[in-house]
Every structure is written in C-alpha cells, then in structure tokens.
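Q: What follows is each chain in one-letter form.
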Amino acid sequence: MPTKEQHQELLVKYAEAIVRVGLNLRAGQRLIISNSIVRGVPPAGRALVHEVTKAAYAAGARYVEVIWGDEEMQRIRLQQAPADSFGEYPKFHISAIMDMLKNGDALLTISANDPDTYKGLDTERLGAMQRAHLDNYGPVSALVSRNAVNWCVVAAASPAWASKIFSDLDPEEAEAKLWQAIFETTRATEADPVAAWVDHIKKLRKRADYLQAKKYTALHYRSPNTDLTLGLPLGHKWISAQALAENGVVFTANMPTEEVFTLPDRHRADGTVTATFPLSHAGSLIEDFSVTFENGRIVKVHAKKNEALLQKLVDTDEGSTRLGEVALVPASSPISRRGHLFYNTLFDENASCHIAIGRAYRFTLIGGEELTDEEFISAGGNVSLNHVDFMIGSPEMDIDGLKEDGTREPVMRTGEWAIEV
Amino acid sequence: MNTAEFDQMLGKYADVVVKIGLNLRKGQRLLIRALLDDAPLVRKVTESAYKAGAVFVDVAYADEQLTRIRLEQADPESLTEVPNWILMRFEEYYQRMDAELAISSADPELMSGIEPARIAKYRKAISQKMEPLRKYENSTNWCVVSTASPAWAKKVFPDLAVQEAQERLWKEIFASCRIDAPDPVAAWSSHVNNLNKYRSYLNGQRFAALHYRGPGTDLTIGLPEKQLWQGAQAEFKNGITGIPNLPTEEVFTTPHKDKVNGTVKATLPLNYSGVLIEDFSLAFENGRAVKVTAKRGEETLQKMIESDENACRLGEVALVPNSSPISQRGTLFFNSLFDENASCHIALGTSYRDTLIGGEDMTDEEFEAQGGNKSLIHTDFMIGSDKLDIDGLKADGSSTPVMRSGEWAVEL
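Protein chains in written order, with our numbering: chain L, 1 to 421; chain G, 1 to 412.
Hints are supplied without guarantee of correctness; some may be wrong.
In silico PhoX-like cross-links for lysine-lysine, where the CA-CA straight-line distance does not exceed 25 Å [said to hold, decoys possible]: (1) L/K91 x G/K129; (2) L/K300 x L/K312; (3) G/K51 x L/K119; (4) L/K91 x G/K237; (5) L/K403 x L/K214.
Keep in mind the hints are simulated off the structure, nothing from the lab. Bear in mind that the values here come from a model prediction, so they are computed numbers and not experimental data.
Whole structure, please, built from the sequences with the hints as guidance.
A: See below:
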C-alpha cells in the first residue's frame, strides 16, 4: 500500500486534474459539488472534496459549495418512514443547484456510492423514492444534458464500494486498491497529469472526427448473443472527452473517459442485445440480462436477477422504452484491462461499448440545444427522466457502419477499433 | 463503555432529543443541521424520528474544514458570497412548520490564526443573508444538542488521546442531558418543574434591575417593564411545547437595551467563530459597551461588537446557580450550550421575542421601544462564579438578594 504521504500527493494531483482539465474552472466562477444519486457527496468523498476545494480557490474560484449526502439516511428512510411518505422531497436541493447553474457556475459530481446501498430493501418504496427524485431533478438534468455549464463527474473510493469490488481483501487494502485504480485510470499517476490528459483528449478527438465524417445511417452490432441495428439520426454528432459549454468553457465531463459517443435514432432500433456486464441501478444489481427492440421500442426484457427492477426502469416513462446514447469503447481500454467490474457506470462504461436507456444528450445532435422537446423527438432524439448506461461490448463483438447507399464498413472487429486514424 | 453500550446510550439520547427536546409530532418533517462527524447521532435521531411518526427526515451536513479552507485561501473580496439557497432551505422548512434540530459540536479552535477581519466579513455576510429568518423565531419546534466531535473533545481534554477524549466528552454529554438516569424522561420532567419555580418567582417579582457584584464586576442591568422570564420549556407558534436546549439549567429574560451600566468581567473564555477570547471585560454606559479589554482575542471581540449598531448592547440575561450539575463537573467545555448552563451569563446582541410579554406580536419599533434589542448577533458569555452576588432592585428602591456566592438566595 502507498504511504499516507504518497496517497496525499496523488490526491492533490488528481484534484488538480479535475479542476484544470475536467471542469477547466475559470477565475471568478463559483463551484458546486454534489451527487444526484444519493442527494449529496457521501462523507467518504471528504478528503477529495478538501483537495478539490483548495485547487478551485487556487484557480480563482469565487465560492465553493458542497452538498453532502448520507446513504445510511436513505436506508433508514426506506426501512422506517411511512409507506405513503416517499413523495416528500426537499425543494431546496434543486434550488441550490439551479441557483448556481443558472448563474453559469460549475458543477462537480463526486461518486463514491456503495453499489449495494439498497440491497434487500422494499422495491416498491425504493421505486417511489427514485420516482420523486427523478421528477424533482428534471430541471437540473435538462441543464446538464445541454451542457449549460462546465460540469464533471469523478469518483472517490469508499470502504463499502471498494469491498464490493475487491471482496477477498480486507477493507483497508480494498480501499487502497480502488484508489490506485482511480488514480491510474484518471492519469493522476502520470508525471504531468494535465499534459497526459491533453494528449489523450487529442487521440479520442481523432476517432470522433473520423466517425463524424462518415455520416453512417446505422450501426450493426453482432456477437454470439447480440444482433442489433441502431439507426443514427441525420445530424448526429460524435462526441469525445471534451465539450464546449453554453457558458463558453471547454470542459471534460467524465474522468476517466475512453468513449466516443452519439445519439441513436429513438425510432430505429431493431433486434436483441445481451448485456456483457451487470447493471448497478438504484442500489441493486441487474444481472445476465437482454433487451429486445422493435422500431426503437423495448418490447421485451429478460434478466436472471432483478428483472422486475429492469422492467420498472423501462416503465418509468415513454422515453425509458427507448435509447438515448450509443458509445464505442475498445475492449482493450485501460479500464477494461484491469480485468474487474467497478459496479459504477463512470468506470464500467469506459471499459466497454455501451448504450443508454432514456434521455439523449442535446449536444449529440447538431443544433439540438435549440430545439423544443417535440422538435428534438421528431429529429430522432429521446426525452426521458432516465439516462441509464449498460454495457454490451466484448472481445467477441463486431460492429459495422451502414452508409446511405446500403454499403457497410467495419468499425470494430473482435471488440477493437477497425479504423485507422 | 464498549461499542454496544455506547450504541445503547446514543439510542436513548436520540429518543430524549426527539421526545423531550423536539417533542416531535406525527406527520412532521424534521431538518437536522449537523457536521459530518455528527453522523452517528444524526442516524439515531433519524430512526427515533421515524418511530415517532416523522414523514421525512433531512440532514444538511456541513464540513467546517471547508470553511477554514475558504477563509484561508479564497479571495478576501469573495467572502461576502452567500448563495440564496441557504436561506431558501430554511424558509422551505419553517413555512411548513417542520421541526429543526441543530447539532453543536464545532471545533472551538477552527479559526485559530485566521485574520479576524476575514472572519468578521464572512460572519456578517451570513448574518445579513439570514436576517429574513428572524420572523420565524420560535415558529416551529427546534432544539440544539451536541455530539463529542474529535476536535472539540481534544480541546476539552487535551491530555487524553483523541478517542479517549471523545469517550470522556460523551460521558459528560450523557450525564448533563440526564441520559444516564434510570428514567431520563422522568428525570427531565422533575428538572423542568424545578426550573419553572424560579421562573414563576422572577416573573412575580417584577424587578426593575439586577445588580451584579463580584471580582472585577459591578454591573447594573435594567429590566424592561414587560420582561418575561423563560426557562427550559418553550411554547412554539406551531402549538408544540418542547425544550430547545439539551442540556439546560438557566432561567433568562431580556435586559433593557438602554439601561445597562458598569463593568463586567467574564469568568470563562468565549469561543466566537472558532476564535477563543480570554480574560475579558466590558464597560457599559446607558446600554452600550463603550470599552472592551481582553488578554487574547481583543480584536475579534471588538469586531464582534461592531457587527452592527446594536451588537454592543445586551439581549439576554440568564441566571444559573454555580452548583448546577454542569458547573459541578468542573470542566470548561468551550461550547456555549454547556458553558452557559454552568454559569450566570449575558448575551450581546439580539433579544428573543418571547422574553417580552407580547413581544412576538410587536413591530420592530414597538419591541425596541419596550427595551428589546435587535441585532444580527446573539453571543452569550459567562459571568457567574462562587463569588458573584446578585440583588433584585425594585422601582420603589428596595433591594432583594437573588443570588449569594453564586447560589440562589430565594427559598421556594
């Protein structure tokens, strides 16, 4: 295990990369740090929050606000609150974030969640609690999904999360090992993390530019248990690491990030896809599942474990029966090479090709930010309270790009890029 | 205490907080304001609150280290920045008549070494932002309690290792809050009855002033005609009766803001915004503190009384016998919730509306005309000791002993 000093040094470098590359925080900006899933940053994120706060003030931040959340409070609530009380939702949590986003302030999400937080708890109650959250959180999601401000999602190791991944280690070792994985995949271990990120961002940009130039009308996925065609709408925009926010700041929304992604046409998905990793959703794991589409709609789900939860997710709203993101990641990505699941989308989605049920990001359609919901939908974009990624990539996956003239070209073969850039 | 015993005591404490302190009603929501290190008590209180029928328990955690980082590293110009939502959070709860629990466990030395001007600027900005909340004073059932946080425990028991210091401080908290009594609920009921006797006596006497004499102290505190003595129990505007401070040993009212004269010497240090002010005296003329001296923290004290126009006037006078159980523990807590219940004290700054008869229905102008004080601050400091004598002076010039050598001089 690294010494306390070594760990602290890495934490400082990590925090600096978050502020300078992830958020690219501007002098005079305010910063709000939160976590939408558990309504605030879990206390395990405290040491990272301290370093990010220092780095933010060093970068000229005017004010740093942190909203803390406590997963244990949610568990107690689910077990003991009156059954009809799960619609209760404090408005100020939303006001806090909206107040700052509308002002052009930056938003950082720190994830340290225990994937098993809600294990064994009543799914009806959990569903009602999640529903109230989604209903209330809508305005924030809407601003974030159109990149109104510079925002970023990063992770901090927590004992419960680490023990879930490295269940054979003692908790302290597990936590140290998870921190190591976080530091390495976010390039904090590089001599100059900021320079390493600049280089990485450039490489991803080249892939996105290549796909953009091709203007494929659809992608065709094949593997032993997947045969799926996803239409790509006219004007789809391939995105990688960096984006330009409406407040004029160029930022990197995820650390780590290995993906290039765009939106599928909400009306054109046909075939069956089998997930290659479990999905950690609402504090439970959905395992060994497949999803069948007709004309963009999910017509059937099947899961060996937690099928009801998957069905509930799909039933949330009309947009949850359709897709909102398609992302390409080689099976040899640095995160994939670590050879274990993280039970956390931020990492697992960067280990594997994936698609997302629910909302499409406005910025993945050219001019999408300007459209009304109706216009966005008729252009092929999806609108929903949800945006839930699940993994479908593997070394057995081939992907073709279909062109307007009906010809097809290899995009990925046996899970790796088949294109030269 | 082993872990299981501690857990059991914490559970009892949480029950007392919910049932006696807040007197939480079925169907209420509860907002808990706490520091991250308070989480074990926050969670126990949450369980007790749901058992008592709460529909939702929310916690607003703060991390005081972030405040220190900000005051050290942020651009000084930016220290006036207070986001609107902090105010909106309280309004949302107060408007719905929800209950509120505050946990007081701050590190008394948090701000040690930080430039007083920065702290004052930061404090003032928050006070100003929160000013609109004054109208919700006592509108809903609220309560303040403590946990033995690591930094606070270490300050109180510097000779002990952190964990031992925390265990020791927990013992003090449990004892002061009567959690170690066989039946804490019964113990509280008898304690409240006892405080009520003194409260009734003082309300019956209608003293025009109190005269304090002790080493370094010769102070006359005029009392308004409409003074109302309070203690332990409070009736909130939402119709619930609770005990807003655990522990509590005091009976208190408001001084007349223009009728304080003489000099008072503090008998315990004052922890203000994470800075310790030690060995200090204040001289008053016609209600105003006209001179302050302190061996340590004088600049902070001076800044504090300059926070606004009436921060230099008194807003509370409280009587606590020197033999109070907290005083008898012989420990300086560096936390007002405890130290103010170990000693007679007074407060600079705003008066509580419920310490004047009909005060809650008065306009600001009426309240001030009756002698109530209005300020952004309310800071208690301790002036009691076993050498303090207090006389009650009546309008006819007669004088009655109220306390002698720090103890009640009245037989009830």
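Q: Report the numbers of all earlier hints that the structure fails to satisfy, in ascending order.
A: Every hint satisfied by this model.
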